Amino acid sequence: MVARLALIKELASIVPQEVLVVTSIGNNSYFWAELTDREATLFHSTLGMCTPAAFGLAMALPRRKVLALDSDGNLILNLGVLGTIANENPTNLTVLVMDNGNYLGSHKKEPGMRTATGGKMKLQEVAKGCGIASAHLIQDAATFREVPDEAIRIFDLDCRRSRQHRTLRPQFERAADSHGFRAPPLLCQPG
Amino acid sequence: MKPEKAKLVVDGLKEAGVDFTAGVPDAQFIQVYKMLEEDPDIRYVGTANEAEAAGVGYGAWFGGKKPALMLATSGLLVATYHLARINILHEVPLLIVIPYRGDIGDPRWMGLYKKTTEPGLNAMDIPYRVVSRSSDIVRTIKECNESARAWLRCIAVILNEEALW
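In order, the protein sequences belong to chains W and Z.
Positions 1 to 191 (the numbering used here) are the ones given, in order, by the first sequence.
Positions 1 to 165 (the numbering used here) are the ones given, in order, by the second sequence.
Hints listed in this document are in silico derivations from the structure and should not be mistaken for laboratory results.
As the structure is a computational prediction, the values presented were derived from the model and not from experiment.
Ideal Cβ positions, reconstructed from N, Cα and C, are used throughout, including at glycine.
Be a bit skeptical, because a hint or two may be false.
Looking from chain Z toward chain W, a few residues come up when the C-beta cut is under 10 Å (computed) [as the list claims (entries may be wrong)]: (1) A22; (2) G46; (3) G55; (4) F62; (5) G64.
Some chain Z residues judged to face chain W by a derived CB distance under 8 Å, without partners named [claimed, not checked]: (6) P40; (7) R43; (8) N49.
Construct the entire structure; sequences and hints are all you get.
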């Protein structure tokens with residue numbers, strides 16, 4: 001198991017600047033905003049919209065790599081998108097799911113309530129069943145570097161909270177603007 | 001739905017410059033979906049539900065596409081949260097084309113959607129036009145899309161069976 005903050009730190013150090021990133025709401029957005037200095041991020045995609053938005057972006061810009069930084073509770077709301085992605089097969093899209101098996105467990109004093117993945121559901125098996133051959137369950141940050149770029153990546157996160165989460169969160173909240181996302185100039189619509 | 005009426009919808013999308021569509025096929029608009037899937041100028045992505053379609057269109061717009069969503073009146077309800085957020089918070093201009101269940105000309109009693117479609121769009125602050133004549137389909141789709149892009153707002157075109165029959 002790996003803590004979300006440690007993994008996003010790892011990601012921030014290895015995801016190239018030119019990769020377009022779409023993040024789900026909550027700590028994925030807060031941590032990514034705090035730990036990276038890049039304009040090409042679309043933050044706070046909520047209620048199942050993260051992976052679909054990243055997929056749409058990947059379809060629109062087939063020569064740019066796109067990373068969806070999603071979470072288990074968010075993805076489960078629109079799980080059918082895995083079948084859509086499998087059928088369209090955009091090779092420039094990576095979906096990375098921060099799976100802590102928990103609703104609200106990452107930023108409350110006590111763990112929240114479990115998601116389906118906190119029970120019997122295994123997202124990497126769901127992804128494979130949807131037709132995505134390259135789906136992985138990864139439990140440590142070091143392994144992340146070894147997975148091929150074209151993979152849909154499923155991370156199993158430890159839902160135990162660390163002191164770092166509590167002390168850093170106020171900074172992350174300030175990092176988000178009043179609209180909840182930073183408009184990425186690289187992606188601005190012409191005309 | 002007659003193929004020539006479906007073609008008017010696709011022609012309207014082309015006149016509007018739409019090059020990317022997403023949605024879930026429904027009985028009223030099935031001919032439109034089939035034409036879009038085969039059309040070389042407009043990329044059609046079939047999604048598992050309409051909320052997913054809204055997210056895909058939202059992402060495609062940031063990638064420079066001119067997207068439209070093809071939503072049934074029932075599917076509009078599925079996508080309500082996402083469209084409200086995309087329209088009011090993110091100000092991304094998605095054109096939404098809706099065949100109107102429950103309005104004049106609908107051979108089935110689908111009164112539910114008469115009660116939900118226009119009030120729902122109003123609640124989401126999405127302007128719309130109801131088209132009742134087939135001769136207005138192309139022009140209305142084009143003009144609504146121009147307004148959407150100028151205002152950075154979602155706009156809906158609702159086509160009732162008087163226009164589509």
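Each hint tested on the structure:
1. At about 7 Å, the closest approach between the beta carbon of A22/Z and any beta carbon in chain W falls short of 10 Å, and the interface hint on this residue holds.
2. Interface restraint check: G46/Z against chain W, minimum CB-CB distance 7 Å, threshold 10 Å, status holds.
3. Annotation: interface hint on G55/Z holds; nearest CB of chain W at approximately 3 Å, less than 10 Å.
4. Interface restraint check for F62/Z: the shortest CB-CB distance to chain W comes to about 4 Å, inside 10 Å, so the restraint holds.
5. Hint status for G64/Z relative to chain W: holds, with the closest Cβ pair at about 6 Å, below 10 Å.
6. This hint is violated: P40/Z has a C-beta 16 Å from the nearest C-beta of chain W, more than the 8 Å allowed.
7. Hint status for R43/Z relative to chain W: holds, with the closest Cβ pair at about 7 Å, below 8 Å.
8. For N49/Z, the interface hint holds, the least distance from its beta-carbon to any beta-carbon of chain W being 6 Å, beneath 8 Å.
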